[in-house]
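Participant: Each chain is listed here by its residues.
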Amino acid sequence: MAAPSNPIRTTAEGYIGYRGREGHYAFLLHRLTGLGTLLFLIIHILDTSTVYFFPSLYEHAIDIYRSTPFMLGEIALVFSVIYHGVNGLRIAAVDLWMEKRWTIKAQQMGVRGTLAISILLWLPAAALMLKSMLEHNFGIVLFGG
Amino acid sequence: MTQKVQKTYESVAWKWMRYSGILLIPLAWIHVLIQDVIVGVHAIDIDYVALRWANIGWQAYDFFLLAFTFAHGMNGLRQVLFDFVHGERARKAWSVALFIFWLLVSIIGTIALVKGARPELA
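Sequences listed follow chains L and W, in order.
First residue of the first sequence: 63, per the working numbering; consecutive thereafter.
First residue of the second sequence: 1253, per the working numbering; consecutive thereafter.
It is worth saying that the hints were derived from the structure and are not from the lab.
Be a bit skeptical, because a hint or two may be false.
[Said to hold, decoys possible] Straight-line Cα separation of at most 30 Å, DSBU-like style, residue types lysine-lysine; simulated pairs:
#1 W:LYS1344 to W:LYS1259
#2 L:LYS167 to W:LYS1256
#3 W:LYS1256 to W:LYS1344
#4 L:LYS167 to W:LYS1267
#5 L:LYS162 to W:LYS1267
#6 W:LYS1267 to W:LYS1367
#7 L:LYS162 to W:LYS1256
#8 W:LYS1267 to W:LYS1256
#9 W:LYS1259 to L:LYS162
[As the list claims (entries may be wrong)] Computed list of chain W residues with no C-beta within reach of chain L, every gap over 10 Å:
#10 ARG1270
#11 ILE1308
#12 TRP1346
#13 ALA1364
Note that the Cβ used here is the ideal one computed from N, Cα and C, for glycine as well.
Take these sequences, add in the hints, and give me the full structure.
Facilitator: Structure (structure tokens):
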């Protein structure tokens, strides 16, 4: 098969216009959370490496992570890592061990299930991180102490 | 009906994305749970990193984390790019470029991890 004349446009249109419902949304969310986590990971490896290469810079890097926008980003990152893991496990399990479950009906259920599990796992973590952010950045103590 | 897939570089990479992904669930989740949720970014500084890497167990843990997450992520990026890049030569060029980038960042991370934090210079 010949490659389309403008693969970037064709693919982007397919990403947006394809109406595959659950499977399509899971595909997009899997890629989005994966790419987002990778972007953070690259920055994270390099900033952590300053502890050896440029020790005086590490505190500056951590200071940026302590700011409110970055702490909100961190909460989104934790969702990404959880969702990418749960959804990836669904893909791996069906690919490797239960090919018979690769049906539209079963996977529509599977996609809804993975999203529900991800949100349930994420909420307590998000609550604790939000609590920490409010305490440290705004001096608001919600619960505990 | 199951058909035997011919073993190629891409078929092995496909399988390893699944195996490494399963391994990354405990590896990455425990890391995130400890550092982001329990300890928190406000309690992390260079002394904390020095203390953690003084323990060879955590050093080994972080090495596996570095090796598996980053390789998994970069190969994932390669897969995403292959949706947009179809020419054989262009794909090869991207693969080589991503591999060099992966190698460089991995080496930087590994050197820091092995040599450890230097809080006395901070």
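Participant: Which earlier hints can't be squared with this structure?
Facilitator: 6, 10, 13
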